[in-house]
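S.K.: Construct the entire structure; sequences and hints are all you get.
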Amino acid sequence: MQGDPLRAGVVVALWLLLGLFVLYPLACLLIRAFSDDGGFTLGPIVGALGNPTHLRALRNSLVLASLVGILGTAAGFLFAYAAERTDMSRNARRLIDFIILLPLISPPFTTSIGFVFSFGPRGLITHDLLGMQNAQVYGWASTTCAEALTYFPLAFLALRPLIAAIGGDLEEAGFSLGGSRWQVFRTITLPLTMPGLGNAFLLIFAASLADFATPLILAGNNLPVLPTDAYLQITGMFDLKGGAVLSLLLLVPAGLVFFAQRYLVERRSYVTITGKSGGRARGAGATAWLRWVLWAACAAVTLFILYLYALLAYASAVVAFGANATLTLDNYRVIFTEGVPAIKDTLIIALIGMPLGGLYGVIVGYLIARSRGFGRHMIEIVSMINYALPGTIVGIAYLIAFNDQPFALTGTATIIIACYIFRYSPTGIRTTVALLQQVDRSIEEASFSLGASSLRTFRSVTLPLILPAFFAGLGTVFIRAMTAISATIFLVSINWTLITVRILENMTEVALGPAAAFSVFVIVVVLGVTSLLNVALRRMTTLRVSSLGTAS
Amino acid sequence: MRLVAERASERARPQRNHFTRRAFVAAAMAAPFVSGKAGAAGSLNAYSIWPENYARPMMEAFEKASGIAVKFVRFSSGEALARVAAEKNNPQIDVLFGGPVETFTAGQSKGLFEAYKSPSFGDLPSRFKDANGQWTAIADDPLVFMTNSGFLKQHNLQPPGSWDDLLNPAYKDMLQMADARTSGTAVTRIFSILQVHDRNEDAAFAYMKKLRKNIQSYTKSGGGGTLPVGLGQAGGGIFFIVDALFTRQKGYDVQISFPKEGIGSAAECIALIKGAKNADAGKKLIDWATSPDMQSLLAPNKINFIPAHPKVATEPSLAEVLKGAKIIEIDEAWAGSNRQRIIERWIAEVLNAG
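Going down the list, the sequences are from chains A and B. Just so it is clear: in the first sequence, position 496 is 496 by the working numbering, and no numbers are missing. Throughout, the working numbering is defined as the position within the second sequence, counted from one, plus 552.
Wrong hints could be hidden among the right ones.
[What the hints assert, rightly or not] A few chain A residues facing chain B, derived, Cβ under 10 Å:
hint, residue
1, Trp15
2, His127
3, Leu130
4, Ala320
5, Ile400
6, Leu512
[Claimed, not checked] In silico contact screen, one side only, chain A against chain B (beta carbon under 7 Å); selected entries:
hint, residue
7, Pro121
8, Val318
9, Gly322
10, Glu445
11, Ile494
12, Thr497
These are calculated hints, taken from the structure and not from any lab test. Yeah, the Cβ is synthetic: ideal placement off N, Cα and C, and Gly gets one too.
M.R.: Take a look at the structure:
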């Protein structure tokens, strides 16, 4: 199977793409950071390490990402567990699916702006509701909470298919052997979700480490973090070199967490789909009181998210938030006249990037999970680079790399689409890997020994098993293409602009109304597309389950 | 279903058509991947540092007057400059439009601009142009103090009329103003404070350190604090007059005042990019923007910049706001050569002192 020509071709093509869109820009950036009048120099990085301000920012970044990772993974697990392991009503489950998506599909800044309105000295919650006079919104608490709220759906999306895939019959077996609920949870459910938990923590940790939008609004002056500092260094001080050096400091922790997670996951076998598995049982895992605790926690988070978005909808429908509450459709008129070019460009880019990104994620994930040796580790690491790097740096690296021949892509849609694919497919990749780690190789080996080619085996055996991962990849790339800003703000051009960039502009123009209207529009479009994807996935999964049923 | 039907109809058609159709689809798919419009005569590209709501009506009027199609994107001053610098070997734009003079002197030192003197060049006072024509002013934009009326009333305060008024403990954690790392507004503010202290840096920094205690947040963009002040989330701040008056026009109850010691002003400029692909069209935009043709359109569009061209009168209500204001001149040559050092000192001694 290693000698398969098709597979070899795919690996070569993949390396060419990774080389062009991951390694080459990074190399251009490093050359820019470490060259001084044509010579090599370590001066900048030594200077950065000796600067107490930068060390403080590094420490803050690590603490913040850890807090957000723990809080977000916990919340994601809570929601995933509640959705898959309690007899929650169909409607409640649907509501969770909907609510959980909101922070993920929102343009940047929406959560942060909601926090600013709610918790400041005249905040709707702190002042108007609780009567506090001197509440301050900027700092650790709000930044941590806002990021956890923004990123916990990543954990939910990564954990839910795993919890669903852990056969309820295993837990039942645990019960029938006399295990208590806690014992069953601790010895069966938790260990089986460990790869998923590690995976979720990694995704959130990396996302928080690279996030500059939330700290930009909420961190205030006493919580400098590296991505924001790097961004300010580049955009404000015109110091590309300094920004590149700061971002390199981020790579170290991102790499460490990555390897720790891999070590954790690879030490054990987590096979639960052996070809002999029965159906899955819902509602087997939780007692009545536990169920209520889970539901109450989910309800509290859900209500708060709903409130933030109600605020957004309100801001989009009034003349001036906080000053003139007259209802108006004017903000929507603005985005559907002046905003049309941005809307059109964004949709074209998102719709082209989505299928390419989904496919890329599944192929890379498959190669990582089903290959051995050095090449596999290299692919795994290289495919994560653009995700782990702060978007600002990826954007600047692309700008430097693709502005000149031989790859002059500046000003095209290709550069934006490539940025999205190679930056936002790790969700698809990691989900594919995590799912495949639960699928015993013997199923694929059976297919090979029956004479099927690797393509045929992939298509008829592996692909159906990792279909949820493919759809996760599709969804993530589309969502990010509609909502991301940190990297692509440098890649928009005269020819191709993006809605998110317009939103940021509107916010600095005191045009909160159009900014909110754009945000509502993005949310509606993304909700529509992701719902379609969910329906498609459900149809295809039902098909799969029924065909498996006849086979066994 | 649709796919199946398509496939069936394809099969019925002759093979040749099948391939033409495929080629067409391929071309349509590839369209977004190839570079955009080539630099045809009669079009130009620009980065605007002026917000879109100010720049759009100007660009539309220029298109109408000249027949030249303008494509522009808005970026904050730091980002626009970083992009122009990054694109130096393959310029994507022809003109950098709007933005405070300090951004332009920074770009000038990086060799990003092509000298060009428009017909209005000779009419402008020296503060409004680079002697060699690297950049030219299209408007003037003084700083102001903007405060929330409700906040003033609650604390029984008058609108601040002196720099020292902002040190009042009533403002503790309630002022928002721009971060000098990203914002030209902030740089202009810091040089104003230096100028008020006769460029005695230690005295100026002692003041800024005291002011730091009242800062709630340093915002990344110059106008970033206007909405919080409008909403009462912050009590006040220091902004460009164009942003402050826009906040008031939006319906927020804010007061605008000036310090008696004086406050600085930034010339808003325009420049031709070195290596511009549509240099002739770009020069026409510069001719138009530096002349009364554009600047007399500012007032009718409710854009509260002060025209730079001496032949355009300042709009009466704007003149009324400015009445009694003491606007001091910042020595751009001195500011330009000390900019980096002063900002670094500000970061070390003021920003990180919190």
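S.K.: Quick check on the hint: A:Val318 CB to chain B CB, less than 7 Å?
M.R.: Since the shortest Cβ distance to chain B is 10 Å, the answer is violated.
S.K.: Does A:Glu445 hold up as a contact with chain B if the rule is Cβ-Cβ below 7 Å?
M.R.: At 34 Å from the nearest chain B Cβ, A:Glu445 fails the 7 Å test, so the hint is violated.
S.K.: Can A:His127 be said to touch chain B, with a Cβ gap under 10 Å?
M.R.: The hint holds - A:His127 has a Cβ within 10 Å of chain B, the shortest such distance being about 9 Å.
S.K.: Regarding the hint that A:Trp15 lies at the interface with chain B, is the smallest CB-CB distance below 10 Å?
M.R.: 21 Å, violated
S.K.: For the hint on A:Leu512, just tell me whether its beta-carbon gets within less than 10 Å of chain B.
M.R.: 6 Å, holds
S.K.: Go through the hint on A:Ala320 and say holds or violated, using the shortest Cβ distance to chain B against 10 Å.
M.R.: 5 Å, holds
S.K.: Holds or violated: A:Ile494 as interface residue toward chain B, Cβ cutoff 7 Å?
M.R.: A:Ile494 check passes; min Cβ-Cβ to chain B is 4 Å, inside 7 Å.
S.K.: Does A:Thr497 hold up as a contact with chain B if the rule is Cβ-Cβ below 7 Å?
M.R.: Since chain B brings a Cβ to about 6 Å from A:Thr497, closer than 7 Å, the hint holds.
S.K.: Hold the hint about A:Leu130 up to the distance rule: shortest CB distance to chain B must be less than 10 Å.
M.R.: At about 15 Å, which exceeds the 10 Å cut-off, the nearest Cβ of chain B leaves the hint on A:Leu130 violated.
S.K.: Holds or violated: is the Cβ of A:Pro121 closer than 7 Å to a Cβ in chain B?
M.R.: 6 Å, holds
S.K.: Is the interface hint satisfied for A:Gly322? The criterion is a beta-carbon contact with chain B at less than 7 Å.
M.R.: A:Gly322 check passes; min Cβ-Cβ to chain B is 4 Å, inside 7 Å.
S.K.: Hint check: is the beta carbon of A:Ile400 less than 10 Å from a beta carbon of chain B?
M.R.: It holds, given that the least Cβ distance between A:Ile400 and chain B is near 6 Å, below 10 Å.
Hint compliance for this structure: hints 1, 3, 8 and 10 are not met, and every other hint is.
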